[in-house]
Amino acid sequence: MSRVRVLVGTRKGAFVMTADGKRQSWDVSGPHFGGWEIYHLKGSPADPNRIYASQSSSWFGQVIQRSSDGGKTWEAVGNKFAYEGAVGNHLWYDGTQRPFEFARVWHLEPSLNDPDTVYAGIQDAAMFRTTDGGQSWRELTGLRTHPSASAWQPGAGGMCLHTILLDPSHPGRIYIAISAAGVFRSDDGGQTWRPMNRGLVSEQIPNPTAEVGHCVHRIAMHPSRPNVLFMQKHWDVMRSDDAGESWKDVGGNLPTDFGFPIDVHAHEPDTVYVVPIKSDSEHYLPDGKLRVYRSRTGGHEWEALTKGLPQSHCYVNVLRDAMAVDALEPGGVYFGTTGGQVYASADAGDSWAPIVRDLPSVVSVEVQTLP
Amino acid sequence: MIRVVLPAHLRTLARVEGELKLEVDGPVTQRSILDAIEARYPMLRGTIRDQDTRQRRAFVRFFACEQDLSQESPDDPLPEAVAAGAEPFLIVGAMAGG
Chain A
18 MSRVRVLVGT
28 RKGAFVMTAD
38 GKRQSWDVSG
48 PHFGGWEIYH
58 LKGSPADPNR
68 IYASQSSSWF
78 GQVIQRSSDG
88 GKTWEAVGNK
98 FAYEGAVGNH
108 LWYDGTQRPF
118 EFARVWHLEP
128 SLNDPDTVYA
138 GIQDAAMFRT
148 TDGGQSWREL
158 TGLRTHPSAS
168 AWQPGAGGMC
178 LHTILLDPSH
188 PGRIYIAISA
198 AGVFRSDDGG
208 QTWRPMNRGL
218 VSEQIPNPTA
228 EVGHCVHRIA
238 MHPSRPNVLF
248 MQKHWDVMRS
258 DDAGESWKDV
268 GGNLPTDFGF
278 PIDVHAHEPD
288 TVYVVPIKSD
298 SEHYLPDGKL
308 RVYRSRTGGH
318 EWEALTKGLP
328 QSHCYVNVLR
338 DAMAVDALEP
348 GGVYFGTTGG
358 QVYASADAGD
368 SWAPIVRDLP
378 SVVSVEVQTL
388 P
Chain B
566 MIRVVLPAHL
576 RTLARVEGEL
586 KLEVDGPVTQ
596 RSILDAIEAR
606 YPMLRGTIRD
616 QDTRQRRAFV
626 RFFACEQDLS
636 QESPDDPLPE
646 AVAAGAEPFL
656 IVGAMAGG
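Going down the list, the protein sequences come from chains A and B.
All residue numbers for the first sequence refer to my numbering, where the first residue is 18 and numbers rise by one.
All residue numbers for the second sequence refer to my numbering, where the first residue is 566 and numbers rise by one.
I should point out that these hints are in silico values taken from the structure, not numbers from a laboratory.
C-beta: ideal position from N, C-alpha, C; glycine also.
Do not take every clue at face value.
[As the list claims (entries may be wrong)] Not close to chain B: a few residues of chain A, all C-beta gaps over 10 Å, as computed: (1) S74; (2) S75; (3) V80; (4) A99; (5) A120; (6) T134; (7) K295.
[To be verified] Just the calculated beta-carbon pair ranges, DEER-fashion: (8) D37(A) x S635(B): 49 to 55 Å; (9) T148(A) x S635(B): 50 to 56 Å; (10) A651(B) x G206(A): 22 to 28 Å; (11) S635(B) x G206(A): 23 to 29 Å.
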């Protein structure tokens with residue numbers, strides 16, 4: 018029977034949760050790296066026992082951990098993320114220019130076919146890559162040196178490159194998203210980049226339809242249909258049918274279209290999940306109810322999924338990297354909250370149950386479907 | 566033999582317990598101690614000082630003999646008691662966050 022392994026990053030350590038294909042009974046290990054912020058962990062699609070983790074601390078900086086046995090044991094690998102060449106400036110909150118400065122690794126995206134190759138999205142926004150299993154990291158400078166970079170500005174969480182999508186059908190095609198700059202696409206493995214924000218409207222910036230400056234919170238893709246992208250923007254849930262060239266609003270009947278995560282069902286490319294959040298000034302759920310919204314029509318029409326989720330006095334948030342889907346049948350969905358709960362659904366969101374309820378604030382959730 | 570006390574998180578990262586005991590070549594300074602630590606425990610590179618500039622991380626402090634040496638030059642000689650191994654060189658996470 019197939020199994021799943023859920024990788025959870027929290028403000029105070031990492032947790033690894035495993036279950037058989039029923040996804041009812043869970044074994045939880047951790048905290049790994051207790052006391053450190055774990056912004057992200059992700060396993061290699063080419064070798065599921067190879068897992069990378071971003072471990073950081075305001076005191077002691079950035080560490081990258083690597084496991085070769087599915088998260089049982091770990092070793093620290095290279096942690097030097099040095100911008101290459103002239104560092105350049107970006108826009109600061111007060112409208113002045115400020116040099117790019119490394120803060121942390123937000124997202125690690127292992128290559129689809131090489132366990133030693135991993136892309137890293139960092140704050141201040143830039144893209145790095147290792148080809149030696151994390152021992153050394155080199156910047157893909159074409160992104161940070163894009164002519165628009167001086168107009169990028171930090172969102173509330175910092176100027177982070179938080180999403181990396183590797184297109185399985187078009188070798189060399191990579192999508193990334195930066196808060197607050199927007200989506201960029203490379204068709205040459207990360208050497209050169211183009212902004213992909215046409216159709217986005219952000220009232221929070223001077224020119225709401227500017228080429229860059231949008232606070233994109235997360236983008237998602239179904240691997241069987243990589244030209245279709247879904248986006249949770251600061252406000253607005255969007256869809257692109259042309260590989261990011263243009264975007265349309267598909268928020269439809271959502272109670273609010275502010276939020277952070279968005280993901281696509283593993284077997285149904287038109288089934289999409291979001292977690293609406295009340296507003297950008299409140300950052301908690303509307304009406305005290307934890308509701309995942311699912312569209313089975315690729316957007317516009319959304320249904321609330323509530324079975325097993327608290328429907329009163331719940332004021333948590335679900336952060337951008339804290340939702341994932343497994344590839345079992347029926348498809349599973351997972352998310353973690355800032356209140357430390359990790360919920361799992363083994364029936365595509367129809368019903369939910371907590372794996373754990375009282376972890377530190379959850380930053381990221383990934384899931385691996387294992388043989 | 567130089568004695569060094571790491572903060573708990575860095576002891577965990579380096580997989581050591583208790584004090585470090587290090588041989589340091591030449592004058593005993595902050596720089597020579599940190600060079601020796603990073604040579605033996607490469608996973609600590611970047612956690613105490615920047616890997617390029619060698620500047621102390623902002624929330625890390627260096628204490629010895631009941632003195633805060635954090636603002637001293639990294640090339641100043643450390644107290645004789647540290648050089649002689651009578652007193653440890655303390656690497657401390659700054660008190661912050663409540």
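Violations among the numbered hints, reported as their numbers in ascending order: 1, 2, 3, 4, 9, 10 and 11
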